[in-house]
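Asker: Chain residues, written in single-letter form:
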Amino acid sequence: MEKQPVLEIQGLTKTIGQKNIVDNLSLNIYPGEVFGFLGPNGAGKTTTIRMIVGLISISKGNVIINGINLKQNFEKAISCVGGIVENPEMYKFLTGYQNLLHYWRMTRGVSKRRIDEVVKLVGLKNRIHHKVKTYSLGMRQRLGLAQALLHSPSLLILDEPTNGLDPAGIREFRDHLRTLSREENIAVLVSSHILSEMELMCDRIGVIQNGKLIDVKNVREFVGGEQKQQTVTFAVEPVAEAQEYMQQHFSDHPLKMTSEGFQITVAREEIPHINARLVETGIKVFSIQTAARTLEDQFLELTGGEQIV
Amino acid sequence: MFNFIRLVQNENMKIFRRVGTWVMIGLLLLATVVSGLVFNNIYGDQEKDQWKEDLQKQIQQDQKMLQNDALAPNIRKQVEEEIKIKQYRIDHSIAPDKETLWGFIYDSVYLSSLIILFTIIVGGTSVAGEFSWGTIKLLLIRSASRSKILLSKYLSTLLFALAMLGCLFLFSMLVGSVFFGVSGWDSPHLMVEDGNVIEKNRILHIFGMYGLQSVDLLMMVTFAFMISTVFRSSSLAIGLAIFLMFSGNTVVSFLAIQKVEWVKYTLFANTNLSLYLEGAPLMEGMTLSFSITVLAVYFVIFNIISWIVFNKRDVAA
Numbered sequence: 001m002e003k004q005p006v007l008e009i010q011g012l013t014k015t016i017g018q019k020n021i022v023d024n025l026s027l028n029i030y031p032g033e034v035f036g037f038l039g040p041n042g043a044g045k046t047t048t049i050r051m052i053v054g055l056i057s058i059s060k061g062n063v064i065i066n067g068i069n070l071k072q073n074f075e076k077a078i079s080c081v082g083g084i085v086e087n088p089e090m091y092k093f094l095t096g097y098q099n100l101l102h103y104w105r106m107t108r109g110v111s112k113r114r115i116d117e118v119v120k121l122v123g124l125k126n127r128i129h130h131k132v133k134t135y136s137l138g139m140r141q142r143l144g145l146a147q148a149l150l151h152s153p154s155l156l157i158l159d160e161p162t163n164g165l166d167p168a169g170i171r172e173f174r175d176h177l178r179t180l181s182r183e184e185n186i187a188v189l190v191s192s193h194i195l196s197e198m199e200l201m202c203d204r205i206g207v208i209q210n211g212k213l214i215d216v217k218n219v220r221e222f223v224g225g226e227q228k229q230q231t232v233t234f235a236v237e238p239v240a241e242a243q244e245y246m247q248q249h250f251s252d253h254p255l256k257m258t259s260e261g262f263q264i265t266v267a268r269e270e271i272p273h274i275n276a277r278l279v280e281t282g283i284k285v286f287s288i289q290t291a292a293r294t295l296e297d298q299f300l301e302l303t304g305g306e307q308i309v
Numbered sequence: 001m002f003n004f005i006r007l008v009q010n011e012n013m014k015i016f017r018r019v020g021t022w023v024m025i026g027l028l029l030l031a032t033v034v035s036g037l038v039f040n041n042i043y044g045d046q047e048k049d050q051w052k053e054d055l056q057k058q059i060q061q062d063q064k065m066l067q068n069d070a071l072a073p074n075i076r077k078q079v080e081e082e083i084k085i086k087q088y089r090i091d092h093s094i095a096p097d098k099e100t101l102w103g104f105i106y107d108s109v110y111l112s113s114l115i116i117l118f119t120i121i122v123g124g125t126s127v128a129g130e131f132s133w134g135t136i137k138l139l140l141i142r143s144a145s146r147s148k149i150l151l152s153k154y155l156s157t158l159l160f161a162l163a164m165l166g167c168l169f170l171f172s173m174l175v176g177s178v179f180f181g182v183s184g185w186d187s188p189h190l191m192v193e194d195g196n197v198i199e200k201n202r203i204l205h206i207f208g209m210y211g212l213q214s215v216d217l218l219m220m221v222t223f224a225f226m227i228s229t230v231f232r233s234s235s236l237a238i239g240l241a242i243f244l245m246f247s248g249n250t251v252v253s254f255l256a257i258q259k260v261e262w263v264k265y266t267l268f269a270n271t272n273l274s275l276y277l278e279g280a281p282l283m284e285g286m287t288l289s290f291s292i293t294v295l296a297v298y299f300v301i302f303n304i305i306s307w308i309v310f311n312k313r314d315v316a317a
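Protein chains in written order, with UniProt numbering: chain F, 1 to 309; chain W, 1 to 317.
Keep in mind that the hints were calculated from the coordinates and are not lab data. There's no promise every hint is true.
Said to hold, decoys possible - Residues of chain W placed beyond 12 Å of chain F at every Cβ, according to the derived structure: (1) Val8; (2) Asn10; (3) Val19; (4) Gln61; (5) Leu140; (6) Ile149.
Said to hold, decoys possible - Partner residues are not named here, just some residues of chain F that face chain W (Cβ under 7 Å, in silico): (7) Leu55; (8) Ser57; (9) Gly83; (10) Phe93; (11) Glu237; (12) Glu241; (13) Gln243.
Think of the CB as a built atom: it goes at the ideal place given N, C-alpha and C, for glycine as much as any other residue.
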C-alpha cells in the first residue's frame, strides 16, 4: 500500500531573470524518512527549501504539505512544518526560554507545557533561562531544533543544519534526527554539501545539480553493494617486485603504484586472494585498506565533477 | 484575533527586552529633569505673591502696543485676547501658568520631539532588525501571514510611542510638582472664545497638545517604517527620517516664503496643524481639511508601499 506523502513537490520552478535557478523539480517525501538534498554550492538546494517554507515565491509548480497547497493556504500548510534555514538565528537579547515563548505565541492550539518538553528533549534545561548571546553554536543549534519541534510538525526542514558544528555536535544532531524520524514518525528534509554526513543521516538522497534533481536513491544503493568494485590500497615491500608480480598476474585490473605499495580496483572477494598470492611469492604485506565506494565517488560520478554554471 | 494579540505581545517583548529601550526612557526622564532645572532657574526665583502687580504692568504695556496702528490684525487679536485673560486672572485670583506645575507640563510637550526620535529608532529597527539579525527566516515560516506580522510590528511601534507619551506626561507631572509645588493644581486652563474668557479642563487641553504633536510623530514613524521595510536597513531608515524631521520644516518654510505653489502638497507643509488653531496657515489657501487630506494620502501611500514590499519580498541570503 502506498503511504500518503507528507510533502509533495510538483514541477517546482524558480526563475530569476532568464535563468531557472530551480528547474521543474518533483519529489515526494514520506513519514518517518530522512531525505537528503545533496548538491554543490549554488545547485539550488537552498532556493528549493526556501520555496517550500514560503520564504521565496514560487515561479511555477506546487508545494503540497499534508494535502494542503502552500500557495492557496499558507497559514494552514506551514503549520505542519518546522524548520531551520541555515544557522538558527535567535534573538540574542532574549533568553532561550523567551525565544521559545516568542515562537510558541505564533502557534495555534499548542499547550505551553510543550515548551518545557522540547527544552528537555534537546537537553537545554540548565541554560534555558540564560541569554542567547551567552550560548555556544552547539547550544544555539539545539535551541534551533527546539523551536522547529515546538508545534510537533509532521515535516522537519533543515537547511545546512550542521554548518559550523564540531564533530561531537554533528554526531549528536544526527542522533536527534534519527530518533525523531523513527519515534515520532516525522519526515525530515535535510540539505547539505557534506557527503559523508548525509551518508550517515539519510534514508534517501536526491542529488541536485544546476537546479535539476538528477537522481534519487536509497543510501544503501547509493554507497554500493558488495559485488561492486572496490579500490584497495596495499602497503608492501619490496614495491618493485610487487609491481612486477601484479602486472603479470592481475593485469586486467587497473593498477596504480604508490610510494609504499599499490592501489588496485577489484571485486571484494578478490582481496584475500591477492593477499595470499603476494605472501606466497615472498612479498611482505603490511596493510590492506579498502576505500568503500563512498557517496563522494558516486556523487562526483553523477555530477561528472562539473563546474558550477 | 487571539493569535494576532499574541503577535503584538511578541513585538512588545522584543522592544522592551532590549536595553536600548530602557536607555531611551531614562534619557526622557533626564531631559525632563534638566528642563525642570532650567525652568526653575528662570521662573522659580520670582516672589509668589507679586504676580498680580506684574500682570497689571504687562496689561499696560500690551495696551500701549495696541495703540500702534501698524500692528498686523492677527497679532492685534492675540494681544487683545491676552489682555482679557490677564484681567480675568487678576479678578479671579488665578495665578499664571508659568508659576505652577501646569506651565511646566505645557512646556514639556516640546520634549515630544525626543519621543519622535526614539520611536523612529524603534520603528526603523522593527523590520530591518529582523533581517540583519537573520531572525526573519524563522519569523516568516510560522502560521502567521506576512500581513499580520507587519501589522503587529507597526501597531507595537505605535504602542511604544503611546507609552513614551504617557511616560513624558508622568515625568513632567512628577518633576513639575517637585520644582513648582502642587499649588494651583486645580486651576483651570483659560482661553478666549467669542470674545469671552472661558475656563477649560486642563487634562483635555494637554491631550489636545499631545494630539497635535502626535500628527508629526505618526507621519515620521510611518515613513521610517516604510524605509526600514523597503531597504531592510535600520540605519538608513533612522538616518533619513531624522534628517527629514530636522531639515523638512526649514526647507518647507523657506519655499513657502518664496511662494512656491507645490510646496503645500509636501508632507512637512501639513504636519504642523497647530498653525490653523492660531489662525496663521503656512500659505494662503491652505485649510485644516486640506492638510488632513494631504496627510491621509501620505499615510496611506507609506503603509501600502510597506505592505506590498513586505509581502512580495523574497527572503534570500
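Asker: Taking the hints in turn, state whether each one holds.
Answerer: Evaluated hints:
1. With a closest Cβ-Cβ approach of about 10 Å to chain F, valine 8/W is found to fall inside the 12 Å limit, against its non-interface label.
2. With a least CB separation of 5 Å from chain F, asparagine 10/W falls inside the 12 Å interface cut-off, contrary to its annotation.
3. For valine 19/W, the requirement that its beta carbon stay farther than 12 Å from each beta carbon of chain F is not met, with the minimum near 7 Å.
4. The beta carbon of glutamine 61/W is kept farther than 12 Å from every beta carbon of chain F, the shortest such distance being approximately 58 Å.
5. For leucine 140/W, the condition that its CB be more than 12 Å from all CB atoms of chain F is violated, with the nearest at approximately 6 Å.
6. A Cβ of chain F approaches the Cβ of isoleucine 149/W within 12 Å, the least distance being about 9 Å, so the stated non-interface status is violated.
7. A distance limit of 7 Å between C-beta atoms decides the matter here; for leucine 55/F the minimum to chain W is near 4 Å, and the interface restraint holds.
8. For serine 57/F, the interface hint holds, the least distance from its beta-carbon to any beta-carbon of chain W being 6 Å, beneath 7 Å.
9. Taking 7 Å as the C-beta contact cut-off toward chain W, the hint placing glycine 83/F at the interface holds, the least distance being around 5 Å.
10. Interface restraint check for phenylalanine 93/F: the shortest CB-CB distance to chain W comes to about 5 Å, inside 7 Å, so the restraint holds.
11. A least Cβ separation of about 55 Å between glutamate 237/F and chain W goes past the 7 Å threshold, and the interface hint is therefore violated.
12. Proximity of glutamate 241/F to chain W is violated relative to the hint, the smallest CB-CB distance being about 59 Å (cut-off 7 Å).
13. The beta carbon of glutamine 243/F is not positioned within 7 Å of any beta carbon in chain W (closest approach about 53 Å), and the interface hint is therefore violated.
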